[in-house]
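> The primary structure of each chain is shown beneath.
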Amino acid sequence: MIRSIAWKNVWRNRKRSLIVITAVMLGTTAGVFTSGLMQGWVDQRIDAAIFTEVSHIKLYHPDFLNNEEIGKTIPKEKSVTGFLDKHPGIKAYSKHIKLMVMASTSRGNTALMLNGIDVKKEKQVSRLYMQLLPGEGTYFEKDGSFPIVISDKTAEQLRIKSYQLDVVVLDSLKREGFPESVIVKLMALDKIRFNTKNQIEKKVTKLLTRKEISRYGGRIVKTSEHYRLRSKIVFTFTDKSGELVNQTFRVCGVFKTTNTMFDQMNAFVLQKDLAQVAGLLPDEFHEISMLLNDGYKPEQVRKDIRKAFPEISALTWKELVPDAGLMSEYMTLYYYIIMGFILFALAFGIVNTMLMAILERTKEIGMLMAIGMNRNRVFNMIMLETVFLTTVGAVAGMGLGWLVIEITGHTGINFSGVAEGLEAVGWSAVVYPSITASFFFGVTLMVVATGILSSIAPARKALNLNPVDALRSDN
Amino acid sequence: MNVIEIKDLVKIYDNTAVQVTAVDHVDLTIEKGEFTAIVGPSGSGKTTLLNMIGGLDQPTSGNIHVDGVDITKLKSKQLIDFRLNNIGFVFQSYNLIPVLTAGENVSFILEMQGAPKVEIESRTKEILTEVGLGDRINSRPNQLSGGQQQRVAVARAMASKPKFIIADEPTANLDSKATAKLLDMMEELNRKEHITFLFSTHDQRVMNKAHRILVLEDGRIVKDEKMGVDATKE
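Sequence order for the protein chains is A and B. Under my numbering, the first residue of the first sequence carries the number 278, and numbering increases by one thereafter. Under my numbering, the first residue of the second sequence carries the number 2, and numbering increases by one thereafter.
Mixed in with the good hints there might be a few duds.
A partial selection of chain A residues facing chain B, derived with a Cβ cut-off under 7 Å [stated by the list, open to error]:
id, residue
1, Arg289
2, Asn651
3, Asn653
Derived pair list, reagent style DSS-like, types lysine-lysine, alpha-carbon separation capped at 30 Å [unchecked claim]:
id, chain 1, residue 1, chain 2, residue 2
4, A, Lys400, B, Lys74
5, A, Lys640, B, Lys118
6, A, Lys292, B, Lys33
7, A, Lys285, B, Lys193
8, A, Lys738, B, Lys76
9, A, Lys549, A, Lys375
10, B, Lys162, A, Lys285
11, B, Lys227, A, Lys640
12, A, Lys285, B, Lys118
13, B, Lys126, B, Lys76
14, A, Lys353, A, Lys285
Cβ pair distances, simulated, as ranges [claimed, not checked]:
id, chain 1, residue 1, chain 2, residue 2, range
15, A, Ser715, B, Lys162, 28 to 38 Å
16, B, Gly34, A, Leu740, 35 to 45 Å
17, A, Ala726, B, Val223, 26 to 36 Å
18, B, Lys118, A, Gly626, 37 to 47 Å
19, A, Ser281, B, Met208, 55 to 65 Å
20, A, Ser281, B, Lys162, 34 to 44 Å
21, B, Pro42, A, Lys285, 38 to 48 Å
22, B, Pro42, A, Gly626, 41 to 51 Å
Don't read these hints as lab results, they were simulated from the structure. Every residue gets a Cβ at the ideal spot worked out from N, C-alpha and C, and that includes glycine.
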């Protein structure tokens, strides 16, 4: 009966209760959605870190990471790979040759880490092959001498990337629904090749109105991007014997990940090509990347490897990408802190509403105490009323938050306006919010706790009433 | 058999600059099945006396024995349980729980006593039928007239078969028709179920129905009249 009275009391002043419930609902929706957004970012960051950048575990010669010397190859390579083949936790592994090189074209130069890979094996541990820009080459699929896959960023630095608004590009813009007036203005730039984004942006800005720029500017520049595939890049490096070597590679594909740092540091070539020019033997590798089967923790597998090969340095993804590692450990706590702040703020509104409700029902509470309702029952009634009020709003808020996350989790949210800044630190510009069921469970507990804590002040007020005085009151 | 025995009861309010003696050395005995009205002018101490008998207020001195239990010695928690199980209350302004139906208002007290569900249902129906509201069991207080609400309040007070019922000016908010109906009903219940009624009133119609009238003036019982016999002169 106490539960029934408490529930009915919530709806006694429908308007006031609905205001509080709406406030709790919006607060919870905001908290859940913010957490979902952050979780989506973290999941994507971790996913990119593991499946594109570093895999679950990497093995090195203990000194390789200090100076990246060509001679510091993984010792006992055959025994190590034999061990990896047998370990049930290891799904796939790929061996890499890694060389720090200076890359040059006639227009630019940059330092790069050349990764010599076995394409078939690499595809089993890295999804990089899925991140090639559409229409911008292949992932070593065409035969050719010394092919290389570089990033969009490297292409920009080596000036292999240019911007051109030729007839083909303008036609494509027309098909996308660009107004004729804009196309006509852009025709003035036909056949002009711009080497930097800045250059084309300046020209387009001069031709179009402010409104046209804000609406079409980004897509015009993006569509005008053009990579000179088959371009030559000369790499200079020291081979195993200490000799300075120059070798030309030809661009066969361009990739772009969500991590600019990774992109501007790494380029990929065939293992056999790199081994040949660097003077490395077939069993000499600098790095082994591996993915684990579901249910195996990187720390546990690393322990097994270290036990078998103490002379090898084995690092998990959390050590190789510490920011992502840290986020995976502490983000849940962060979400609960966000929810905690929101609920703390909402608690003031709930307490206020309940105090008003108690004040309005002074006579009734006095009557209940007079006819024999004890302190525990009075407290329970008010506590349940507060918990119901809070929970109704929170459940609606969680539902709405979940719905928004479900929708945006499929469509994604595009933060293209700040894409450069986000990608510079490895965060994706398009985020797909996600949330775990356990988070909802945790939030439910927090909401109930908020309801209970918020009921303390109103319940104390009610318990301090003297039945005789309360019965005499006007309310 | 005495249900209530009051000895030398005093209540002094001294929380103001002036001390007020609301109840002044009252001795009183109420027997089982009495239908007693306490009358007197405003400020004579009627409500204070009823509040102390009902265990809602503590006396400054003196004792109140209900069925042999000195309720002035009970602790707050014991007093609440005592009220729940032994005393029924009817208030001037009905004081029903507005969110509950008439039936729920009656059964609520039985639930607090921990009565079995089947017993709660049957007793609720029985008592509401007795007060003439068997067909309004599912009506909310705001769907009932003042007289009907007060009858529900009486039914609630009687539901747990208390040792006595205290009614503080139960007819003050009722018209003459509703008052007559309520009084007839209370008298009938008193006769049929032998429930002891103790009520305060200003209403002559109530006094006319009472079997015993206690007249209070300045906190003292100045007249105790039983069925037309002045007991104070006995």
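> Each hint should be assessed against the structure and marked as holding or not.
Checked hints:
Nearest Cβ of chain B to the Cβ of Arg289/A: about 6 Å, under the 7 Å cut. The hint holds. With a least beta-carbon distance of about 5 Å to chain B, the hint placing Asn651/A at the interface is held under the 7 Å criterion. Taken as an interface hint, Asn653/A does not check out: its beta carbon lies about 9 Å from the nearest beta carbon of chain B, beyond 7 Å. Annotation: proposed proximity of Lys400/A to Lys74/B is violated, straight-line Cα distance about 86 Å (limit 30 Å).
This hinted pair checks out: Lys640/A and Lys118/B have alpha carbons roughly 28 Å apart, not beyond 30 Å. Our distance criterion of 30 Å between C-alpha atoms is broken by Lys292/A and Lys33/B, whose separation comes to about 49 Å. Taking the CA atoms of Lys285/A and Lys193/B, the gap is near 36 Å; set against the 30 Å cutoff, the hint is violated. Of the supplied pair hints, the one linking Lys738/A and Lys76/B holds, its CA atoms being roughly 21 Å apart against a limit of 30 Å.
With a CA separation close to 12 Å, the supplied pair Lys549/A and Lys375/A stays within the 30 Å bound. The straight-line distance between the Cα atoms of Lys162/B and Lys285/A is roughly 28 Å, inside the 30 Å bound, and the hint therefore holds. For the proposed pair Lys227/B and Lys640/A, the alpha carbon gap of about 35 Å is over 30 Å, so the pair is violated. Pair hint Lys285/A plus Lys118/B holds up; C-alpha atoms about 21 Å apart against a cutoff of 30 Å.
This hinted pair does not check out: Lys126/B and Lys76/B have alpha carbons roughly 34 Å apart, beyond 30 Å. Of the supplied pair hints, the one linking Lys353/A and Lys285/A is violated, its CA atoms being roughly 75 Å apart against a limit of 30 Å. For Ser715/A and Lys162/B, the Cβ-Cβ distance of about 53 Å falls outside the hinted range of 28 to 38 Å, so the restraint is violated. For Gly34/B and Leu740/A, the hinted distance range of 35 to 45 Å is satisfied, since their beta carbons lie about 37 Å from each other.
Checking the proposed 26 to 36 Å range against Ala726/A and Val223/B shows it is violated: the Cβ atoms sit about 59 Å from each other. Take Lys118/B and Gly626/A: their Cβ atoms lie about 38 Å apart, and the range 37 to 47 Å holds. A hinted range of 55 to 65 Å for the beta carbons of Ser281/A and Met208/B is inconsistent with their spacing of about 40 Å. Checked against the hint of 34 to 44 Å, the C-beta distance between Ser281/A and Lys162/B comes to roughly 24 Å, which is inconsistent with it.
At about 41 Å, the CB distance of Pro42/B to Lys285/A agrees with the hint of 38 to 48 Å. One distance hint, 41 to 51 Å for the beta-carbon pair Pro42/B and Gly626/A, holds here, with the actual separation near 48 Å.
In the structure shown, a violation is registered for the earlier hints numbered 3, 4, 6, 7, 11, 13, 14, 15, 17, 19, 20, in ascending order.
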